[in-house]
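Enquirer: Using the hints provided, position chain B relative to the given structure of chain A.
Protein chains: 2
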Amino acid sequence: MTALSLREAIARLIADDGLGPGDRLPTETRLAERFEVARSTVREALKRLEEEGLVDAVQGKGRFVSALAADIVERPITRYEGVAEMLTRLGYRVTTSVFSVAEVAADQQQAQSLAVELGTPLIRLERLRYGDDQPLVFSIDHLLRDALPGPLGHRDWSTSLTGALAAHGREVTTSVARISAVELPAEIADRHRLTGLGPWLLVTETCLTRTGRRVLLAEDYHRGAMLGFNVRRRR
Amino acid sequence: MTALSLREAIARLIADDGLGPGDRLPTETRLAERFEVARSTVREALKRLEEEGLVDAVQGKGRFVSALAADIVERPITRYEGVAEMLTRLGYRVTTSVFSVAEVAADQQQAQSLAVELGTPLIRLERLRYGDDQPLVFSIDHLLRDALPGPLGHRDWSTSLTGALAAHGREVTTSVARISAVELPAEIADRHRLTGLGPWLLVTETCLTRTGRRVLLAEDYHRGAMLGFNVRRRR
Numbered sequence: 001m002t003a004l005s006l007r008e009a010i011a012r013l014i015a016d017d018g019l020g021p022g023d024r025l026p027t028e029t030r031l032a033e034r035f036e037v038a039r040s041t042v043r044e045a046l047k048r049l050e051e052e053g054l055v056d057a058v059q060g061k062g063r064f065v066s067a068l069a070a071d072i073v074e075r076p077i078t079r080y081e082g083v084a085e086m087l088t089r090l091g092y093r094v095t096t097s098v099f100s101v102a103e104v105a106a107d108q109q110q111a112q113s114l115a116v117e118l119g120t121p122l123i124r125l126e127r128l129r130y131g132d133d134q135p136l137v138f139s140i141d142h143l144l145r146d147a148l149p150g151p152l153g154h155r156d157w158s159t160s161l162t163g164a165l166a167a168h169g170r171e172v173t174t175s176v177a178r179i180s181a182v183e184l185p186a187e188i189a190d191r192h193r194l195t196g197l198g199p200w201l202l203v204t205e206t207c208l209t210r211t212g213r214r215v216l217l218a219e220d221y222h223r224g225a226m227l228g229f230n231v232r233r234r235r
Numbered sequence: 001m002t003a004l005s006l007r008e009a010i011a012r013l014i015a016d017d018g019l020g021p022g023d024r025l026p027t028e029t030r031l032a033e034r035f036e037v038a039r040s041t042v043r044e045a046l047k048r049l050e051e052e053g054l055v056d057a058v059q060g061k062g063r064f065v066s067a068l069a070a071d072i073v074e075r076p077i078t079r080y081e082g083v084a085e086m087l088t089r090l091g092y093r094v095t096t097s098v099f100s101v102a103e104v105a106a107d108q109q110q111a112q113s114l115a116v117e118l119g120t121p122l123i124r125l126e127r128l129r130y131g132d133d134q135p136l137v138f139s140i141d142h143l144l145r146d147a148l149p150g151p152l153g154h155r156d157w158s159t160s161l162t163g164a165l166a167a168h169g170r171e172v173t174t175s176v177a178r179i180s181a182v183e184l185p186a187e188i189a190d191r192h193r194l195t196g197l198g199p200w201l202l203v204t205e206t207c208l209t210r211t212g213r214r215v216l217l218a219e220d221y222h223r224g225a226m227l228g229f230n231v232r233r234r235r
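Chain order of the listed sequences is A and B. Numbered according to the UniProt record's numbering, the first sequence spans residues 1 to 235. Numbered according to the UniProt record's numbering, the second sequence spans residues 1 to 235.
So that you can see chain A by itself, here it is in the shape it has in the complex (with noise of 0.2 Å):
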């Protein structure tokens, strides 16, 4: 493991374990031991972090998590979750309400983005998740019919697709997003009555297996006032 990939498995070690600012980290031993790698580069890899303003070192005490890996931890933008999965990450109470589920056909975009043919049969899908009771995030996802098959009206449609398709062999485990800032289109405000509820921020994903099969369009409307993203950016 390099000191480079070892950065990363610190960073998410962080946001694993919950480690907050002020927070100690576990020592240069402990952390050689863990990743099964030499001091040298829990050292080199902990000399990077500190650079970058995530860890902060005092002299004699160790080394702590400093206030900007709180932020970067708390909701990052590089990891794939499903949207279940991260409310309850961040401590939300998570509640569903199926609008629709239906088969449909592939058009022109979706049959591009999933690398599938015109007319493939998708399911679509339309729901609203709640966190404490709160509107945030509400979704439209198509995903390829044959990826969870079996009757529509047989599955609990308001449980994770992510968790869903991974109970069929077909976890996700990269996805390509594009994000944006937009109103929630006013067909969908004013039918589920979430007008007046300020800008929203737009995920638009496209979910792939292990093996590159593309299974899974998601389009995430995130509530803006209440959730953020937070990435690290490099030059």
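Where hints are given, some of them may not hold.
Copies of one chain are not kept apart here, so a pair can be met inside one copy or by any two copies together.
To be verified - Derived SDA-like pairs: lysine to any residue, alpha-carbon spacing no greater than 20 Å straight-line:
no., residue 1, residue 2
1, K47, T209
2, K47, A9
3, K47, A115
4, K47, R234
5, K47, D23
These are computed hints drawn from the structure, not numbers from a lab.
Expert: This is chain B only, laid out in the frame that chain A set:
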């Protein structure tokens, strides 16, 4: 160089060379020469890029940039670049209105974000970036006063701040950013006649030099209807 970092390097190469969907990638041999790695490492990296849907392999013909890859390289959110630089890369003719430049004292939040004492002298800069004469990005920057020495009046503030910082040995190499969807604050919209332009993508960013020094706090409002960001996400 590992297959993982090589994959990033190839993705960056696609962006830097301006390759579009359907364009052929350099051969394994050329990539191995360019990055000074073994062909087996190149093959592994290309395989991963295929699995992520960024590269299409066509039997007997070579490897090509996929439509998904083109989506990503257009405006990758994980890449730090100045606003003028980004707009220029997107093909816009960039012009700048400087609304104000002044010396201010760091307030509590600014001091914390920049890791300086309360009251530390900062330069506050308010500007609007136009692309092809359309207002695209409204920016409020706060930077360390001593990062750009000399009288405020003796500098052309319409040019790149990132460039000016680099010229003073304070090149920004990384940042930590938060992205949200907002309305432009009414006070700003009214004062600069930027009303009715729809939602804006707000990027709030702490920018660091190579040595980890925090030199700049940038608040950039990107016009939502015109500018989006792209990102690859991984589980």
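Enquirer: All the hints need checking, so say for each whether the structure fits it.
Expert: Verification of the hints:
In this assembly of identical chains, K47 and T209 lie within 20 Å of each other by CA distance solely across copies; the values are 14 Å between and 34 Å within a copy. For the identical chains of this complex, K47 and A9 are intra-copy neighbours only, at 14 Å inside a copy versus 22 Å across copies, given an alpha-carbon limit of 20 Å. Taking the shortest Cα distances, K47 and A115 sit within 20 Å of each other only across copies (18 Å), while inside one copy they are farther apart (43 Å). Proximity of K47 and R234 under a CA criterion of 20 Å is satisfied intra-copy only: 16 Å inside one chain copy versus 25 Å between copies.
For the identical chains of this complex, K47 and D23 are intra-copy neighbours only, at 17 Å inside a copy versus 39 Å across copies, given an alpha-carbon limit of 20 Å.
Comparing the model with each earlier hint shows no violations; every hint is respected.
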